[in-house]
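With the hints as your guide, set chains Z and X onto chain L.
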Amino acid sequence: MAAGTVVIIVLAGIIVFGLLYVVATYNSLVGLRNQLKNAWSQIEVQLKRRHDLIPNLVETTRGYAAHERQTFDAVTSARARAAGAKSMSEISSAESELTGVLSRFMAVMENYPELKANQNFLALQEELTSTENKIAFARQAYNDQVLFLNNKIQMFPSNVVAGMFNFRPAEYFELEDKAQAAVPKVSF
Amino acid sequence: MKCPQCSDILITLEFDRIEIDYCPRCEGVWLDSGELALLLAREGGSALVGTFRPVSGKERKRTCPICSRAMKKILAGGNGSILLDECPDHGLWFDRGELKKTLAAGCSGIREEGREDSLTRLLDEIFVPCGEESR
Amino acid sequence: MFWSIIAANKRKTVLLIAAMGLFLVLLGAAIGVFVAGDYHPYAGFAGAGIAALVWAVMLLASLYASDSVLLSISNAHQVDRDTYPQLYNLVEEMVIAGSLPAMPKVYVVDDPAPNAFAMGKSPKDSHICVTAGLLAVCGRDELQGVVAHELGHIMNRDLLYMTVAATMLGSMLLISDVFLRSFRYSTMRYTSRSRRSSGKGAVVILIVSLVLAILAPILARILYFSISRKREYLADATSARLTRYPEGLASALEKIGGSTEKLVAARSVTAPFYIVNPTKQSLHDSVFATHPPLSARIKVLRSMAGGAGYLDYMKAYIQVTRKRQALIPAADLKGAGKVEIRAANAAGPAAGLTAAESRRRAGDIMRAVNKFAFVTCQCGLEIKLPPEYAGDTVSCPRCKRVHSVIRPGAKATGAVLSASAAMNASAAVRPESVAQDYSGPGHAGVQQEKLNPGKWQTITCHACGRPYEISPSFGSRKLVCSGCGSLILFSPASEAVHHKRG
Numbered sequence: 001m002a003a004g005t006v007v008i009i010v011l012a013g014i015i016v017f018g019l020l021y022v023v024a025t026y027n028s029l030v031g032l033r034n035q036l037k038n039a040w041s042q043i044e045v046q047l048k049r050r051h052d053l054i055p056n057l058v059e060t061t062r063g064y065a066a067h068e069r070q071t072f073d074a075v076t077s078a079r080a081r082a083a084g085a086k087s088m089s090e091i092s093s094a095e096s097e098l099t100g101v102l103s104r105f106m107a108v109m110e111n112y113p114e115l116k117a118n119q120n121f122l123a124l125q126e127e128l129t130s131t132e133n134k135i136a137f138a139r140q141a142y143n144d145q146v147l148f149l150n151n152k153i154q155m156f157p158s159n160v161v162a163g164m165f166n167f168r169p170a171e172y173f174e175l176e177d178k179a180q181a182a183v184p185k186v187s188f
Numbered sequence: 189m190k191c192p193q194c195s196d197i198l199i200t201l202e203f204d205r206i207e208i209d210y211c212p213r214c215e216g217v218w219l220d221s222g223e224l225a226l227l228l229a230r231e232g233g234s235a236l237v238g239t240f241r242p243v244s245g246k247e248r249k250r251t252c253p254i255c256s257r258a259m260k261k262i263l264a265g266g267n268g269s270i271l272l273d274e275c276p277d278h279g280l281w282f283d284r285g286e287l288k289k290t291l292a293a294g295c296s297g298i299r300e301e302g303r304e305d306s307l308t309r310l311l312d313e314i315f316v317p318c319g320e321e322s323r
Numbered sequence: 324m325f326w327s328i329i330a331a332n333k334r335k336t337v338l339l340i341a342a343m344g345l346f347l348v349l350l351g352a353a354i355g356v357f358v359a360g361d362y363h364p365y366a367g368f369a370g371a372g373i374a375a376l377v378w379a380v381m382l383l384a385s386l387y388a389s390d391s392v393l394l395s396i397s398n399a400h401q402v403d404r405d406t407y408p409q410l411y412n413l414v415e416e417m418v419i420a421g422s423l424p425a426m427p428k429v430y431v432v433d434d435p436a437p438n439a440f441a442m443g444k445s446p447k448d449s450h451i452c453v454t455a456g457l458l459a460v461c462g463r464d465e466l467q468g469v470v471a472h473e474l475g476h477i478m479n480r481d482l483l484y485m486t487v488a489a490t491m492l493g494s495m496l497l498i499s500d501v502f503l504r505s506f507r508y509s510t511m512r513y514t515s516r517s518r519r520s521s522g523k524g525a526v527v528i529l530i531v532s533l534v535l536a537i538l539a540p541i542l543a544r545i546l547y548f549s550i551s552r553k554r555e556y557l558a559d560a561t562s563a564r565l566t567r568y569p570e571g572l573a574s575a576l577e578k579i580g581g582s583t584e585k586l587v588a589a590r591s592v593t594a595p596f597y598i599v600n601p602t603k604q605s606l607h608d609s610v611f612a613t614h615p616p617l618s619a620r621i622k623v624l625r626s627m628a629g630g631a632g633y634l635d636y637m638k639a640y641i642q643v644t645r646k647r648q649a650l651i652p653a654a655d656l657k658g659a660g661k662v663e664i665r666a667a668n669a670a671g672p673a674a675g676l677t678a679a680e681s682r683r684r685a686g687d688i689m690r691a692v693n694k695f696a697f698v699t700c701q702c703g704l705e706i707k708l709p710p711e712y713a714g715d716t717v718s719c720p721r722c723k724r725v726h727s728v729i730r731p732g733a734k735a736t737g738a739v740l741s742a743s744a745a746m747n748a749s750a751a752v753r754p755e756s757v758a759q760d761y762s763g764p765g766h767a768g769v770q771q772e773k774l775n776p777g778k779w780q781t782i783t784c785h786a787c788g789r790p791y792e793i794s795p796s797f798g799s800r801k802l803v804c805s806g807c808g809s810l811i812l813f814s815p816a817s818e819a820v821h822h823k824r825g
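Residue numbers (our numbering), protein chains in the order written: chain L, 1 to 188; chain Z, 189 to 323; chain X, 324 to 825.
Keep in mind that the hints were calculated from the coordinates and are not lab data.
Using N, Cα and C, we set each Cβ at its ideal position, and we do this for glycine too.
Misleading hints may appear alongside valid ones.
To be verified - Over the 12 Å line for every Cβ pair with chain X, so calculated as not near, a few chain L residues:
#1 VAL6
#2 VAL7
#3 ARG69
#4 SER93
#5 SER96
#6 GLN119
Claimed, not checked - Straight-line Cα separation of at most 30 Å, BS3-like style, residue types lysine-lysine; simulated pairs:
#7 LYS707(X) / LYS116(L)
#8 LYS48(L) / LYS428(X)
#9 LYS48(L) / LYS116(L)
#10 LYS723(X) / LYS116(L)
#11 LYS694(X) / LYS37(L)
#12 LYS444(X) / LYS48(L)
#13 LYS116(L) / LYS694(X)
#14 LYS723(X) / LYS288(Z)
#15 LYS723(X) / LYS37(L)
#16 LYS190(Z) / LYS707(X)
#17 LYS260(Z) / LYS707(X)
Just chain L, same shape as in the assembly (with noise of 0.2 Å):
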């Protein structure tokens, strides 16, 4: 065999393995960002669920707490907030405003024994309680994700195949509980 056969099947080699490789993590990388907007849509829908929750709760303790006034406000103006929150940041700072609220909200609820044998507001606690765990849970997820996919996009060298179709690194979902970042540091 003469030598120029050997180094065009050798080059030949290369550009098919080559060819194989950017399919390959281009592929993976549509599937990354395709798990991502699955997981963006599961908080999403438990967002949704905790701003559908807030009614009720509202409905079902007014009747014991009437004179909280400012308790029910707060947590009725925080929920439109959320609900017409649009971008990522506003969601993310909303939201954050909400679980504050509403874990205020629950606390001062705690003063009312009455409503530890009202069933309705007994169910109403746990729904509540568990799309808190859902959407942390779900925000987990998401963030996981991100970070694979983060990674997968800057790393080399899938991240020559990110750069040449374009993907972008997407952003975490933080929620912060502004009450607890809120309270004062003491300092000696």
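Coordinates of chains Z and X only, in the frame set by chain L:
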């Protein structure tokens, strides 16, 4: 479960950690096997269960609410005055007032020792209901 | 994906299972040579093939049977969101946390012993069963830990591994048993045969096959139990990672271990599938245990300091068990983000429930699953009504208060009617027409009362003076006085009117 006496649906009542199945129509009571011993143990008179003896009663045979087989007639109490129905696998049926009599028989003699009487008091309230006063 | 970390760990289990398979084939080959080596040069291969065939048949049979095993535990009732919202919610939460492709079917087993198990060949088609006893003694966080452990088994595909390993063990036991039995009856035949073949070789073959027939099942059993214990620790690690709250599972395990109830439905075959071995408690680490000792599992979970991730679990695992090797090599855990431990959700019921008490709670849970209605009277009597109970109201046998019966599932929590909507609905029915129906003999009169939604209120029957406490959740529009048979109608707006009829 259906009442062996009148086929009404039995409901479950719970009070002060005691649970019984009760027929709202004929006011009879069903106790799962072992429950009577538990009730009597609370009142300190668990010896009674040993005195049960089978008889061939003239009373109509009833069927067990759990397995639907015919129950056996048994005599309870020292003088054998209380006629109960027993399914050997599942439990005991007490007609209206019989449970109270049985418990009274089971706890006679230990009344003086200052026991709480909570069970008998509860049964009094349930089984001597307002319906009787108005009648 | 993140869970590919688990995939990396599969290698070890697959190796162990392969070792079991090797024993199986060797056992078959040795017996084949012993039985027919004189007549056929390939008897060893034939024996190995037969052994593999026995295993394949058993595997297929048990793969097809696994769901019917579940169904054969006849007191497992499937539950949905309406029948047991909390359990269903917890499974949903864990499905989200673990990104499972499908929601497992959820069952409550009518058994007062606290325990749980999972079944299913793949994460797409799986079942989670918990006993009523477990629901009775566990709080939300504890239950979440248990559910996550079971989901861990499903995600790590332990059920498939354990089925493969169990059938290998089973076929080895079967083959060696048949061989040893037939050997005992055929020693006469053997002595006559040994004269025919070259003496020394036959004795060697005899000894080798005997030793294999006795040792292989024992070794296989040790391997099997070691796989089972490893998967158990792993499922605990998965549970901690999913819930981010290791204390929940630790506390649940403590309660399960402390229970004196015996599981009725348990059998030794299904034992590895339960969260805690239901047939016997292993106090010490033994090579013949399906589960690691509870105390060690609890200790590992409680030693997880600083995080709830796999790395944290492995650190605690090495520290507690003093094993040199982690369950998952640290190299496989690179790239796993830090997982913070979350705060407790709610306190569970106290640990010191008496046996009678947890039994009664388990009974109530089964009643709830079977759609009983529960009414608590103000006099302290609790009334539990079976779904067959026909009436709309029930009169308390103790104090004669009348309560309306609110059927479970009548209002789904997702669509709770607001108080005002319920009031509007009732106002649409004209009180007069209802009153007509009740104006027969025996009903002294009709009384109308204004109902204040969301408040306790006391009303008195105008005909006989009997008092009633109306609860805030009172959902009916009418009440029949148990004293005199008068009808009391409730309306939201109109003034209280007292008719005297007939």
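The hints, checked one at a time:
no.: 1; hint: VAL6; result: holds, 38 Å
no.: 2; hint: VAL7; result: holds, 39 Å
no.: 3; hint: ARG69; result: holds, 16 Å
no.: 4; hint: SER93; result: holds, 21 Å
no.: 5; hint: SER96; result: holds, 16 Å
no.: 6; hint: GLN119; result: violated, 6 Å
no.: 7; hint: LYS707(X) / LYS116(L); result: holds, 19 Å
no.: 8; hint: LYS48(L) / LYS428(X); result: holds, 25 Å
no.: 9; hint: LYS48(L) / LYS116(L); result: holds, 26 Å
no.: 10; hint: LYS723(X) / LYS116(L); result: holds, 25 Å
no.: 11; hint: LYS694(X) / LYS37(L); result: violated, 39 Å
no.: 12; hint: LYS444(X) / LYS48(L); result: violated, 33 Å
no.: 13; hint: LYS116(L) / LYS694(X); result: holds, 22 Å
no.: 14; hint: LYS723(X) / LYS288(Z); result: holds, 20 Å
no.: 15; hint: LYS723(X) / LYS37(L); result: violated, 59 Å
no.: 16; hint: LYS190(Z) / LYS707(X); result: holds, 14 Å
no.: 17; hint: LYS260(Z) / LYS707(X); result: holds, 28 Å
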